[in-house]
Amino acid sequence: FVGTFVLVLTVGCLQLSPGSPTWNATAVGFVLMAMIYATGPISGGNLNPAVSFSLGLIGNLRWVVVVRYWVVQISAGLFASLVLRTLYAPHTTKIGPVTPFTWEYAVTAEVIYTFMLCFVFNNCAASKRNNPRDDPNQFYALAIGFVSIAGGYAVGNVSGAALNPAIAIGLSVSDGFRWGLGWPTAELLGAVLAAILFRAVRPEEYNPPEGGFGIDYEPRLHVRCASEFLGAFIVVLTIGLNVTMASPATGFASAASAMCMIYSLANVSGAHFNPAVTLAVVLSGRDKLSPGDGAAYMFCQFGGGALAGMVYARFHAAGPNAGLTFTLKSGAGYGPNAAGVVELFFTFFLAYAVLACATTSSLPGRRTRQSFYKALVMGACVAAGGISAGRISGGAMNPAVSVGVTAANVAHNGWSEAPPPYATCACFTLWQLTGGLLAAVVFSLTHPDEYKKAPLLAK
Numbered sequence: 337f338v339g340t341f342v343l344v345l346t347v348g349c350l351q352l353s354p355g356s357p358t359w360n361a362t363a364v365g366f367v368l369m370a371m372i373y374a375t376g377p378i379s380g381g382n383l384n385p386a387v388s389f390s391l392g393l394i395g396n397l398r399w400v401v402v403v404r405y406w407v408v409q410i411s412a413g414l415f416a417s418l419v420l421r422t423l424y425a426p427h428t429t430k431i432g433p434v435t436p437f438t439w440e441y442a443v444t445a446e447v448i449y450t451f452m453l454c455f456v457f458n459n460c461a462a463s464k465r466n467n468p469r470d471d472p473n474q475f476y477a478l479a480i481g482f483v484s485i486a487g488g489y490a491v492g493n494v495s496g497a498a499l500n501p502a503i504a505i506g507l508s509v510s511d512g513f514r515w516g517l518g519w520p521t522a523e524l525l526g527a528v529l530a531a532i533l534f535r536a537v538r539p540e541e542y543n544p545p546e547g548g549f550g551i552d553y554e555p556r557l558h559v560r561c562a563s564e565f566l567g568a569f570i571v572v573l574t575i576g577l578n579v580t581m582a583s584p585a586t587g588f589a590s591a592a593s594a595m596c597m598i599y600s601l602a603n604v605s606g607a608h609f610n611p612a613v614t615l616a617v618v619l620s621g622r623d624k625l626s627p628g629d630g631a632a633y634m635f636c637q638f639g640g641g642a643l644a645g646m647v648y649a650r651f652h653a654a655g656p657n658a659g660l661t662f663t664l665k666s667g668a669g670y671g672p673n674a675a676g677v678v679e680l681f682f683t684f685f686l687a688y689a690v691l692a693c694a695t696t697s698s699l700p701g702r703r704t705r706q707s708f709y710k711a712l713v714m715g716a717c718v719a720a721g722g723i724s725a726g727r728i729s730g731g732a733m734n735p736a737v738s739v740g741v742t743a744a745n746v747a748h749n750g751w752s753e754a755p756p757p758y759a760t761c762a763c764f765t766l767w768q769l770t771g772g773l774l775a776a777v778v779f780s781l782t783h784p785d786e787y788k789k790a791p792l793l794a795k
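For the sequence shown, our numbering assigns the number 337 to the initial residue and increments by one for each residue that follows.
Hints are not guaranteed to be accurate.
[To be verified] With a cut-off of at most 30 Å between alpha-carbon atoms, the simulated DSS-like pairs for lysine-lysine come out as follows: (1) Lys624 / Lys430; (2) Lys788 / Lys464; (3) Lys710 / Lys788; (4) Lys624 / Lys464; (5) Lys710 / Lys624.
Hint data in this document are derived by calculation from the structure and do not stem from the laboratory.
Sequences and hints are given; from them, build the entire structure.
Right under this line is the structure:
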């Protein structure tokens with residue numbers, strides 16, 4: 337009750353308080369993170385009927401507990417609504433599509449990002465392999481909170497980014513429940529989708545391998561490919577929605593989406609979500625990823641990026657910037673060579689960080705196999721590159737993003753009659769893949785111990 341109340345009250349205060357909305361999504365994400373850490377040891381820190389529903393569907397929560405949680409969570413949302421009406425009268429809160437979007441787009445946005453929220457919760461907090469009882473991770477609430485940041489910036493101007501039936505019901509009281517049933521229905525649908533895909537990428541949760549989840553356990557290739565497709569889709573979709581909605585925090589939101597999906601899927605496929613990173617891992621050797629598996633990863637990453645581009649193009653066509661063209665190109669005052677070199681450098685930076693932080697041997701004497709910092713490092717690289725290179729090249733740093741942007745241009749190119757920039761896409765992709773290759777070379781020079789074979793009789 338307390339955690340949900342604080343969350344709904346915060347969202348309401350942000351909606352009713354005057355001022356710039358630039359940091360609203362960040363505030364909601366931080367409150368969600370803090371309250372999950374605070375209440376997680378007591379109740380699991382669900383704070384969201386959709387999350388509880390998804391946990392019930394994957395078998396992590398008994399249905400009688402799900403129903404009890406629903407009653408408490410919705411009651412907390414209604415009580416927060418009462419407090420808000422008292423504090424801010426005559427101003428009232430509301431939930432609904434944000435102009436010029438219609439309800440179809442808003443509902444779709446709620447489904448997608450509530451799915452993402454529930455999926456990350458399932459993977460980071462409920463997974464027996466990713467959060468074992470004898471060696472629990474410490475990043476679960478961080479990952480879940482950053483989903484709210486990614487979704488808030490991506491679809492806040494589409495649906496309000498409630499992503500929580502308790503928020504939707506609580507904030508719709510003053511508006512006569514106009515959308516008080518439609519939004520929760522969409523969010524519960526997202527929870528169902530999260531449960532289905534959780535079972536798809538983590539079949540071992542229901543059929544544990546005979547040897548247990550040892551350090552050498554690796555899911556089958558089709559499972560890992562599904563993980564890479566899904567991660568690339570979410571990352572490219574979030575970037576595209578932020579760009580076409582003219583978000584003030586595209587780099588930060590992109591990093592948030594990458595970070596929480598890496599925390600969710602790192603021990604499924606490695607969570608590359610980027611063909612340049614996959615190339616770097618393959619070329620770095622050490623049997624981390626075979627060339628055949630790497631090619632399969634890259635195919636799925638390109639496919640996920642292309643699908644995401646076609647999806648966000650529909651939002652672009654219906655949004656406030658429908659007449660503008662967002663394409664791959666060098667920034668104003670910069671030539672294609674400058675843009676290419678910047679893409680190469682920051683892709684190298686990202687791929688090298690992945691190799692150094694996510695593929696190296698664990699330090700001797702380490703008491704946990706759970707890494708708090710790896711996904712945070714990757715997210716930091718995405719944010720740094722996006723913010724630093726955004727005005728020069730767009731800060732894509734990912735061939736899947738380049739393909740996604742081009743696919744979006746095919747589906748909707750604003751009011752421009754120019755053809756999609758296929759040649760530019762090819763050039764950006766080559767620069768980025770070269771960055772991945774360079775990362776593998778530099779890594780081999782800076783980490784020579786990674787290439788020393790242990791003695792046959794080493795203890």
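Hint consistency between Lys710 and Lys624 [alpha-carbon to alpha-carbon, up to 30 Å]: Satisfied, since the Cα-Cα distance of roughly 17 Å is no more than 30 Å.
Hinted pair Lys788 and Lys464, Cα distance within 30 Å: violated, 33 Å
Lys624 paired with Lys464 [C-alpha distance capped at 30 Å]: Given that 30 Å is the threshold and the Cα spacing comes to 24 Å, the pair holds.
Hinted pair Lys624 and Lys430, Cα distance within 30 Å: violated, 50 Å
Given pair status - Lys788, Lys710, alpha carbons within 30 Å: holds, 23 Å
In summary, the structure is inconsistent with hints 1 and 2 from the numbered list given earlier, while agreeing with the others.
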